[in-house]
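Model the full assembly from the supplied sequences, consistent with the hints where possible.
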Amino acid sequence: MDEITEPSTHFLYPSTLFASRDPYIVNTILGSCVAVCIYDTVWKYGGINHYMLPFWNGQGLASPKFGNIAINKLLEKMQILGSSHQNLVAKIFGGGNILETGNVQFMIGDRNIAVAKDMLKELKIQIVSQSVGGTLGRKIQFNIATGEVKQRMIEKQQHVKGNPVSITQKADIYNLFEK
Amino acid sequence: MNKLTDEELILELRIRMNEKTDALHELKTLNEKLKTVNKKLEESEAMKSHFISNITNEIVNPFASILGLSKNILSVNKENWKKVFSMVAMIHAEAFSLDFQLKNIFAAAKIEAGEIYPEIGKVDIKNLIKSVTDSFRIEAQKKKVSFESVFDFPESEGSNFQYKTDPEKLKLILSNIVYNALKFSFDESKITVKVWSEMKVMFISVHNQGEVISDEYQQLIFDRFKRVDTNITSVNRGHGLGLSIIGSLLDLLGGNISLQSDKETGTTFTIEIPEFIEEEDSFNSSLNGNEIFFDDNQVF
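Just so you know, the sequences run in chain order A and B.
Using the numbering used here, count along the first sequence one by one with no gaps and you end on 264.
Using the numbering used here, count along the second sequence one by one with no gaps and you end on 383.
Hints are computed from structural coordinates only; laboratory data are not their basis.
Keep in mind the model is a prediction, meaning the values are calculated, not measured.
Please note that the accuracy of each hint is not assured.
[Claimed, not checked] Below, in silico cross-link-like pairs of lysine to aspartate or glutamate (EDC-like), each with a Cα-Cα straight-line distance of 20 Å or less: (1) B:LYS116 - A:ASP195; (2) B:LYS266 - B:GLU195; (3) A:LYS206 - A:GLU240; (4) B:LYS254 - B:ASP298; (5) B:LYS209 - B:GLU251; (6) B:LYS346 - B:GLU251; (7) B:LYS346 - B:GLU294; (8) A:LYS162 - B:GLU195; (9) B:LYS193 - A:ASP203; (10) A:LYS162 - B:GLU198; (11) B:LYS213 - B:GLU251; (12) B:LYS154 - B:GLU177; (13) A:LYS129 - A:GLU233; (14) B:LYS116 - A:ASP203; (15) B:LYS209 - B:GLU355.
[As the list claims (entries may be wrong)] Now the stretches of chain B that chain A is said to cover, found in silico as 3 or more residues with beta-carbon under 8 Å: (16) 268-282; (17) 328-339.
Positions of the beta carbon are idealized from the N, C-alpha and C atoms, including for glycine.
Printed below as a string of structure tokens:
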């Protein structure tokens with residue numbers, strides 16, 4: 086039998102994405118952010134993103150900080166690695182409404198979740214499991230080789246400390262609601 | 084099924100009518116939104132093609148100059164060797180700007196690909212700032228602009244202020260700010276870089292005397308590819324990528340940027356960067372100590 090090697094771990098920062106054909110354990114911490122895990126059921130590997138806001142509004146760089154860009158970029162990357170679209174399934178996590186802006190209309194978590202669901206539906210990628218919404222943050226661990234995701238709910242403060250909401254980000258949120 | 088009375092029928096009709104009106108109203112607002120998004124898309128597409136032609140200019144022109152100048156140097160007679168100095172200076176200037184633009188383009192590409200990570204170390208801030216201002220010295224001499232650095236650290240830090248952050252990214256952020264400051268400075272003015280720290284947050288401000296950035300434009304300049312004066316192409320070069328990169332890199336480091344500009348005091352960009360907290364560490368530590376515990380029933 087093959088020797089079983091420990092998969093390497095990768096910590097996924099917000100606004101980044103990760104996909105690999107090698108076995109990896111990907112850790113990340115989510116608050117109002119959403120992570121979409123994509124898994125190739127034939128080639129048995131996956132990829133994950135971690136976005137903070139639903140849509141790119143044409144300001145700043147078109148980075149995977151924004152849901153619509155992060156999901157497309159991740160799928161692009163999976164395709165580059167050799168995946169066929171029809172073999173892909175998705176799991177989505179995060180989108181807690183933990184941002185304390187004192188205003189209910191900035192339910193950024195809900196909007197982040199909606200982007201993932203809408204886009205995946207449009208792309209005809211099935212969401213096989215999910216843990217979204219609520220008021221708590223999440224620590225998740227995605228096993229790229231098996232597609233399994235472990236989760237632990239965490240307290241608000243702990244999350245906010247690890248993933249500070251900068252003023253620029255708040256400005257982005259305001260921009261989103263400008264019109 | 085029961086037969087409806089006339090009243091019930093009218094009531095039901097009224098409810099349905101109301102629902103229709105609501106739906107129509109919603110449709111209308113959604114349409115409005117769609118229109119604005121569409122407009123933005125058009126603008127973005129136009130900007131993209133603009134961007135490519137801009138970039139071509141930024142890269143092709145300096146290269147052409149470098150090639151031309153070095154060719155000239157090769158054909159200079161021994162008697163005229165003094166001419167070589169000025170040509171080498173020009174080559175340096177072109178190569179310097181090319182290097183700067185390329186660094187920005189690669190950084191932007193990395194950010195857009197989502198493949199940029201903080202690489203944290205203890206950074207000697209004094210040294211870092213010196214290396215940034217030194218790199219601009221030759222360019223600054225042309226405009227007779229001088230640099231001044233002011234360090235205001237807490238006593239306890241001693242003379243070497245060490246700060247936990249990402250040196251390469253901080254360097255790129257500062258280079259972009261200084262590059263801008265220099266670009267818009269009046270001749271024979273001074274650029275002041277000031278560093279101080281408050282409650283574990285480091286502040287770096289870059290102040291210059293130059294064109295005032297109006298309130299209206301202060302909002303605009305953080306947009307991608309946007310430059311305040313779109314007409315000038317030769318005097319003030321650059322493709323407006325700098326501030327978007329600064330924004331994204333500061334996001335990564337949990338920092339912020341602010342801008343103040345008026346006639347009397349000049350223009351000041353101030354960045355604030357909190358000491359880096361390893362999210363990775365906080366991931367590996369649970370509430371009560373040392374290990375991560377995943378709930379058994381929370382496997383997806």
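Tested hints:
1. A distance of roughly 19 Å separates the Cα atoms of LYS116 of chain B and ASP195 of chain A; the hinted pair therefore holds under the 20 Å criterion.
2. Between LYS266 of chain B and GLU195 of chain B the alpha-carbon distance is near 26 Å, which puts this suggested pair outside the 20 Å criterion.
3. For the hint pairing LYS206 of chain A with GLU240 of chain A, the CA-to-CA distance comes to about 31 Å; that exceeds 20 Å, so the pair is violated.
4. This hinted pair does not check out: LYS254 of chain B and ASP298 of chain B have alpha carbons roughly 27 Å apart, beyond 20 Å.
5. Pair hint LYS209 of chain B plus GLU251 of chain B holds up; C-alpha atoms about 14 Å apart against a cutoff of 20 Å.
6. Distance hint between LYS346 of chain B and GLU251 of chain B is unfulfilled; the C-alpha atoms sit about 33 Å from each other, more than 20 Å.
7. Of the supplied pair hints, the one linking LYS346 of chain B and GLU294 of chain B holds, its CA atoms being roughly 8 Å apart against a limit of 20 Å.
8. A C-alpha spacing of about 13 Å is found between LYS162 of chain A and GLU195 of chain B, which places the hinted pair at or below 20 Å, so the restraint holds.
9. Between LYS193 of chain B and ASP203 of chain A, the direct Cα distance comes to roughly 27 Å. Violation of the 20 Å bound is thereby established for this hinted pair.
10. With a C-alpha separation of about 12 Å, the suggested pair LYS162 of chain A and GLU198 of chain B falls inside the 20 Å cut-off, and the hint holds.
11. Of the supplied pair hints, the one linking LYS213 of chain B and GLU251 of chain B holds, its CA atoms being roughly 14 Å apart against a limit of 20 Å.
12. Annotation: proposed proximity of LYS154 of chain B to GLU177 of chain B holds, straight-line Cα distance about 15 Å (limit 20 Å).
13. For the hint pairing LYS129 of chain A with GLU233 of chain A, the CA-to-CA distance comes to about 11 Å; that is within 20 Å, so the pair holds.
14. Taking the CA atoms of LYS116 of chain B and ASP203 of chain A, the gap is near 17 Å; set against the 20 Å cutoff, the hint holds.
15. About 16 Å separates the Cα atoms of LYS209 of chain B and GLU355 of chain B, which keeps this hinted pair within 20 Å; it holds.
16. Counting residues of the segment 268-282 of chain B whose beta-carbon sits less than 8 Å from any beta-carbon of chain A gives 0, not enough to reach three: the coverage restraint is violated.
17. Three residues within the 8 Å Cβ limit are the bar, and the segment 328-339 of chain B against chain A gives 9, so the coverage statement holds.
Checked against the numbered hints above, the structure violates hints 2, 3, 4, 6, 9 and 16; every other hint is satisfied.
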